[in-house]
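> Sequence:
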Amino acid sequence: MKKVLMFNVTICLMLIASIAWSNIIHIPGDYPTIQAGIDAVKDGDTVLVADGTYKGDGNKNLDFAGKAITAKSENGAEYCIIDCEGDGRGFYFHSGETSEAVVCGFTITNGLSEYGGGINCENSSPTIKYNKIIKNSATWGAGICCNNSSPVISNNIIAENAAGDSGGGIRCLSSSALIEKNNIVKNSATYGGGVYEDNSSPTITNNFIAENFVTKEGAGVHCYKLFPIITNNKIINNSSEFIGGGILCNQSYPTITNNIIANNSAEGGGGIYIWSFSNPIIANNTICKNRGGGIFCCNNVSAIVLNSILWADSPCEIFVGVSSTITVVYSDIQGGFRGEGNIDADPMFVDADNGDYRLSDYSPCIGVGIQVSSVPGTDIEENPRPNPPGSDLDIGAYENFRHIGEISADDNITAYDTYIASVLRIRTLPLAFVMRRICNTLDLLYFYLAGYVAPVASTLSVPPVATSVEGRRIHCFVYGRGPETILIVGGIHGNEPAGSELAKQLCVYLESDTELLAARRVVVVPAANPDGLSRNQRTNAHEVNLQYDFLTRNWEPTTYYDIKLFPEPETQFIATLIQQYHPDRIVQIHQARFFSCIDWDGPARNLANAMAQACELPLRKLGAVRGSLGSYAGVDRCIPTITMELPASDTQLPPEALWQRYGSALLVAIRNR
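Heads up: take any position in the sequence shown, counting from 1, add 342, and you land on the numbering used here.
Just so you know, not all the hints are guaranteed correct.
[As the list claims (entries may be wrong)] Computed Cβ-Cβ distance ranges for the label pairs, DEER-style:
1. E724 - P996: 34 to 42 Å
2. R895 - N541: 31 to 39 Å
3. V664 - T395: 52 to 60 Å
4. R895 - D688: 32 to 40 Å
5. P730 - S991: 17 to 25 Å
6. E723 - V664: 33 to 41 Å
7. Q994 - G418: 51 to 59 Å
8. D393 - E442: 21 to 29 Å
9. R895 - S437: 52 to 60 Å
[Unchecked claim] Derived BS3-like pairs: lysine-lysine, alpha-carbon spacing no greater than 25 Å straight-line:
10. K414 - K397
11. K414 - K471
12. K409 - K471
13. K523 - K471
14. K523 - K414
15. K409 - K397
16. K384 - K471
17. K409 - K384
Just so you know, the hints here were simulated from the structure itself, not pulled from any lab data. Just so it is clear, the structure is predicted and the values come from calculations on it, not from any experiment. In this text, a Cβ means the ideal position worked out from N, Cα and C, and glycines have one as well.
Model the full assembly from the supplied sequences, consistent with the hints where possible.
Right under this line is the structure:
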């Protein structure tokens, strides 16, 4: 009984202490005005405000004076209104307040001030949540203004505020605000109707930014300098009388991911306007039905767009102006746009007319994206990306649960593996051990280099090997002694295994056709990207797309998403082979999800035509890509260079079937007829 009594006494003491530590002041029950309650409390206390409309002195220009307290309404913003009556603002934070200074659940309206009509933050970082900040006016930051501050602005309605200069809804100057889960609607300004950032790096995420208006620039979001993050937002129906309907970037380096940017309008850049030395990364966005174009670039811009949909924008999807470049890859662009992995196909949204931009189960945008470091791990609804795990990413802001073209490497021993082993005559390593090891074809072919395998054909030689980023050998086999030399390269993209398999089948064929090699030398690199091949990854271990990594005359460090000073070891090795062997012609073997074909660079049209006639691939001129092998060899060095783009579905074919289908085309390339 004594123990129970002691326990109850202890609990009571703890409750008393808790009450002593965290006091609740009631307004107007304990104090007549909100400011009087704030002045009376200490750190950790709460000022709880009853329902009603609060006006006059003591109920506006509210100042926490640096205290870590909470001011909140009893029943939410609908019932507790701070009416500034056109004179002053709701709250003023300027004493170094931290995130423990909280404003929650008020309607703040009719504010009028030079900075921050609703709330102004200077050198402070409060938490502002679950408020309605409506119909306020200011020169800068009509709803909320932040100067040298890092507030958390979350779950608010920020609407119908008007700024004479910038930041109708929110303005950030030299600030790193977290702006999340807000409705920022129907605000107006000259610059930045919804959100304006100046020399700031805010995170703008999961907001609904709609129906904002500017007379000049950036109706939805205006970015000026530094590194804002704009992700998982719906930016729709915003309007600019000049430029930048959805987003405007000026001298800034934003990361723009997982956004719906739709039905915005401007004279230029209805979706996104990028100008004046801006370098944005635009990944997994859905940019649709904007008037004034989808993306507009001008004045020394270098932009990167990947995994994005640009559809039904007028008058065009992408415009690139003076001294600017834009790299677009793995995106769905209406009317088409040059770049690896791009498609031009109806994205088949669930219901775009009613604003549902999710991908239907039949969308061609499912499973055709690319994974790089700038791509987020979830979609706009926080669903995992990719989905299902191990599949290729979807294009656009939404990830569908289905996948297409999923490729999984088969590491099990096959009849083809056994054939390779018999041709190359395993010496000291028993075949039974090889089969127990569960290796793949590449392992068997390259046991020779470890001393376990001897070549059959006396024409085979093995030059010094290079290594990949992760230390894997990049093997090269040389058949014959020339004088004519042909270079065959497979596996530049690790998720295109059919190219590597076809190159290995060529090795098998060259073991027996001594007549073909009488006056020729054939240099074969079956797997130029062994790191990528080992994990079914398109890029190498540095996540560099090797097809954009050659130092060409048209090469630029920001041509693709990889920023680097020197080429990768895999591309350096191919360049070394070209310098060492001076090939008369080159064939690289890839796989394409769309537009499988025979392409060419340099003086190779006739050869490409002959190869196309020898197999099922059509002849198609795609053009030289910056930093590509075609540009390096075909354009810069006038070496006839062929690109075989096998269908992505060929991954499922057994190696013998690949050779039967395309081997004759390779032999045409070797014979040059």
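> Look at each hint and say if it fits the structure.
Comparing the hints with the structure gives:
1. E724 - P996: 34 to 42 Å: Since the Cβ atoms of E724 and P996 sit about 41 Å apart, the hinted range of 34 to 42 Å holds.
2. R895 - N541: 31 to 39 Å: Since R895 and N541 have Cβ atoms about 37 Å apart, the given range 31 to 39 Å holds.
3. V664 - T395: 52 to 60 Å: holds (54 Å)
4. R895 - D688: 32 to 40 Å: holds (37 Å)
5. P730 - S991: 17 to 25 Å: This hint holds: roughly 19 Å between Cβ atoms.
6. E723 - V664: 33 to 41 Å: holds (39 Å)
7. Q994 - G418: 51 to 59 Å: Between Q994 and G418, where Cβ atoms are some 58 Å apart, the hint holds.
8. D393 - E442: 21 to 29 Å: holds (26 Å)
9. R895 - S437: 52 to 60 Å: holds (59 Å)
10. K414 - K397: Given pair K414, K397 holds - Cα atoms ~16 Å apart, limit 25 Å.
11. K414 - K471: OK: K414 and K471 at ~10 Å, within 25 Å.
12. K409 - K471: Cα-Cα ~17 Å, so holds.
13. K523 - K471: holds (10 Å)
14. K523 - K414: Between K523 and K414 the Cα gap is close to 19 Å, so the pair holds against 25 Å.
15. K409 - K397: holds (23 Å)
16. K384 - K471: holds (21 Å)
17. K409 - K384: Holds. K409 to K384 sits at ~7 Å (cutoff 25 Å).
Hint compliance for this structure: every hint is met.
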